[in-house]
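Top to bottom, those sequences are chains A and B. All residue numbers for the first sequence refer to numbering that gives the first Met the number 0, where the first residue is 0 and numbers rise by one. All residue numbers for the second sequence refer to numbering that gives the first Met the number 0, where the first residue is 0 and numbers rise by one.
Think of the hints as simulated: they come from the structure by calculation, not from any bench. Among the hints, erroneous ones may be present.
Okay, the calculated beta carbon distance ranges per label pair [said to hold, decoys possible]:
| # | chain 1 | residue 1 | chain 2 | residue 2 | range |
| --- | --- | --- | --- | --- | --- |
| 1 | B | LEU19 | A | LYS32 | 44 to 54 angstroms |
| 2 | B | LYS111 | A | PHE49 | 30 to 40 angstroms |
| 3 | B | ILE54 | A | LYS29 | 35 to 45 angstroms |
The calculated lysine-lysine pairs, modelled on DSSO-like cross-linking and capped at a C-alpha distance of 27 angstroms, are [said to hold, decoys possible]:
| # | chain 1 | residue 1 | chain 2 | residue 2 |
| --- | --- | --- | --- | --- |
| 4 | B | LYS111 | A | LYS179 |
| 5 | B | LYS109 | A | LYS228 |
| 6 | A | LYS30 | A | LYS173 |
| 7 | A | LYS29 | B | LYS58 |
| 8 | A | LYS228 | B | LYS114 |
| 9 | A | LYS179 | B | LYS80 |
| 10 | B | LYS58 | A | LYS30 |
| 11 | B | LYS114 | A | LYS116 |
| 12 | A | LYS228 | B | LYS111 |
| 13 | A | LYS173 | B | LYS80 |
| 14 | A | LYS122 | B | LYS80 |
| 15 | A | LYS179 | B | LYS109 |
| 16 | B | LYS109 | A | LYS177 |
| 17 | A | LYS144 | A | LYS228 |
| 18 | B | LYS109 | A | LYS173 |
| 19 | A | LYS179 | A | LYS32 |
| 20 | B | LYS80 | A | LYS177 |
| 21 | B | LYS58 | A | LYS32 |
| 22 | B | LYS80 | A | LYS144 |
| 23 | A | LYS51 | B | LYS80 |
| 24 | B | LYS114 | A | LYS179 |
| 25 | A | LYS32 | A | LYS144 |
Glycine included, C-beta positions come from ideal geometry on N, C-alpha and C.
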Amino acid sequence: MEKVRPYVSSEIFLLGLVFGSFLLGVSIYKKTKLSFLQPLLISMVMIIPFLKFTGIDYQTFYHQTHFLNFMLGPSVVALGYVLYEQMEYIRGNVISMLTAVFAGSVVGIVCVVLVGKWMGADKILTASLAPKSVTTPIAMCIAEKSGGIPALAAAFVVICGIFGGLVGPIVLRKIGIKSKVAKGLALGSASHALGTVKAMEMGAIEGAISGLAIGIMGVMTALLIPVAKLLMLF
Amino acid sequence: MIKGLFYILLFYYIGELVSLLIHQFVPGSVIGMILLFLALFFNVLNPENVREASIVITKNMAIFFVPAGVGLMVYSDLFSKSISVILTAIGVSTVLTIITVAVIQEFFEKRKVHKNERNLKP
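Next up, chain B with everything else stripped away, as it sits in the complex:
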């Protein structure tokens, strides 16, 4: 667990450094995630080292949002003033994003299956 947390923090730190180099165009945590994935993929890091810590952290991710979520109380005025815009924008945009992503991904998968079926025939 301690070892896992150490490696996660290490990759997070490297990610932050890279992020600074590219003027934080992409956040350090995302770069850290990509680097950790690449290190595991290219056998630079033994997956056993980070397994336990990674599973514990990601399974309980929702609780980490509580401090940010409670921040809503500060903006309650602006919130109640523009509540209709906020909810409409989030609602419409979220539903359309879900539909777009799911439909395109499934379309690609179906096409692949069709291709494979065609290739099987002599």
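The shape of chain A in the complex, shown without the other chains:
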């Protein structure tokens, strides 16, 4: 393994590995049409054992593929355009959207804190779990400020995203939600960009609203977690 490692730990190889495994993930996802086989999950399931097997540590992998992680920021900014494109669906919905997402954010944070207390999680774990519904760059910032571990928060964001993308559409169907705006808003608020991927599959309106929800949820949660901390919830 020692001899092979230099060849498989280069930027070209590791970035190629991410793109390749993701592509494979996309084709598996499309062929099987099983919603838990998300390309992201397939990619992770292939990369983690590969890194363990070749003995490449996470720092090296992260460093070499940092370009992709960096793109999370611009992709959040680009949502501003997606939002603009769907202006007509936002008009007249501003107050209801803000109210709904605010309530969602409160419910989400309170749930995490209560489950954490009930099952005996420590403060660090709770603080890392609390921002799970917002997009990675925002969640990492929030976790750091509230005494959590940013990398752990990022992992929870991914789990929450996969879970929400999977369960979200089923929950929405079960409770009989008809409104496209409500569907998109719920998916984006609860499961950020991964919820948005699912919402985009439902339609353009759902996708755009979901993108908007990522932004509102991010701002709301960034404002609410310091408040929760002040109230000594965790």
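Based on the hints, put chain B in the right spot on chain A.
Here is chain B on its own, set in the frame of chain A:
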């Protein structure tokens, strides 16, 4: 595409600067998103400039999560130790968030429709 990426980075940068001013209370990318939206809304920026780049980036957003997702491997110990808390907290909280947001939004929309119907009657 290049032009679009330039504008996106520009707004991202301005967002980061504003974020520094408010002690990173709200992350720069979110502020950048709001500023880009406002610039398009108030016709400061031609939407054509950012259309292509924005669509390409947002359509492929999921791949950008791979480096962060693989980070799970570092915390595998803590993870397996507290797996039940983590999954219960995320599961319960996510489902309740989805229900809360969707129900409130649909409630508002239905109320609006009722109001409009009432207004139509003389």
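Structure-based check of all given hints:
Against the hinted window of 44 to 54 angstroms, the Cβ-Cβ separation of B/LEU19 and A/LYS32 comes to about 45 angstroms, which satisfies the hint. At roughly 52 angstroms, the beta-carbon separation of B/LYS111 and A/PHE49 lies outside the given 30 to 40 angstroms, and the hint is violated. Remark: the range hint 35 to 45 angstroms for B/ILE54 to A/LYS29 is contradicted by a beta-carbon distance near 20 angstroms. At most 27 angstroms may separate the alpha-carbon atoms for a hinted pair to count; B/LYS111 and A/LYS179 meet this at roughly 15 angstroms.
The straight-line distance between the Cα atoms of B/LYS109 and A/LYS228 is roughly 36 angstroms, outside the 27 angstroms bound, and the hint therefore fails. The suggested pairing of A/LYS30 with A/LYS173 holds, with an alpha-carbon distance near 26 angstroms, which does not exceed 27 angstroms. Of the pairs offered as hints, the one joining A/LYS29 and B/LYS58 holds, with about 16 angstroms between alpha carbons and a cut-off of 27 angstroms not exceeded. For the suggested pair A/LYS228 and B/LYS114, the alpha carbons sit about 40 angstroms apart, so the restraint of at most 27 angstroms is broken.
Distance hint between A/LYS179 and B/LYS80 is unfulfilled; the C-alpha atoms sit about 40 angstroms from each other, more than 27 angstroms. Of the pairs offered as hints, the one joining B/LYS58 and A/LYS30 holds, with about 19 angstroms between alpha carbons and a cut-off of 27 angstroms not exceeded. Using a Cα cut-off of 27 angstroms, the hinted pair B/LYS114 and A/LYS116 is violated, with the two alpha carbons roughly 43 angstroms apart. A distance of roughly 36 angstroms separates the Cα atoms of A/LYS228 and B/LYS111; the hinted pair therefore is violated under the 27 angstroms criterion.
About 33 angstroms separates the Cα atoms of A/LYS173 and B/LYS80, which puts this hinted pair outside 27 angstroms; it is violated. Taking the CA atoms of A/LYS122 and B/LYS80, the gap is about 15 angstroms. The hint holds against a cut of 27 angstroms. Restraint check: the Cα-Cα separation between A/LYS179 and B/LYS109 comes to about 13 angstroms, which is no more than 27 angstroms; the hinted pair holds. For a cut-off of 27 angstroms, the pair hint linking B/LYS109 to A/LYS177 stands: about 11 angstroms separates their Cα positions.
With a C-alpha separation of about 10 angstroms, the suggested pair A/LYS144 and A/LYS228 falls inside the 27 angstroms cut-off, and the hint holds. With a C-alpha separation of about 18 angstroms, the suggested pair B/LYS109 and A/LYS173 falls inside the 27 angstroms cut-off, and the hint holds. A threshold of 27 angstroms between alpha carbons decides the hint, and for A/LYS179 with A/LYS32 the separation of about 22 angstroms falls inside it, so the pair holds. With a C-alpha separation of about 40 angstroms, the suggested pair B/LYS80 and A/LYS177 falls outside the 27 angstroms cut-off, and the hint is violated.
A hinted pair counts as satisfied when its Cα atoms are at most 27 angstroms apart, and B/LYS58 with A/LYS32 qualifies at roughly 19 angstroms. The suggested pairing of B/LYS80 with A/LYS144 holds, with an alpha-carbon distance near 24 angstroms, which does not exceed 27 angstroms. Between A/LYS51 and B/LYS80 the alpha-carbon distance is near 20 angstroms, which keeps this suggested pair within the 27 angstroms criterion. For the hint pairing B/LYS114 with A/LYS179, the CA-to-CA distance comes to about 20 angstroms; that is within 27 angstroms, so the pair holds.
The straight-line distance between the Cα atoms of A/LYS32 and A/LYS144 is roughly 39 angstroms, outside the 27 angstroms bound, and the hint therefore fails.
Checked against the numbered hints given earlier, the structure breaks hints 2, 3, 5, 8, 9, 11, 12, 13, 20 and 25 and satisfies all the rest.
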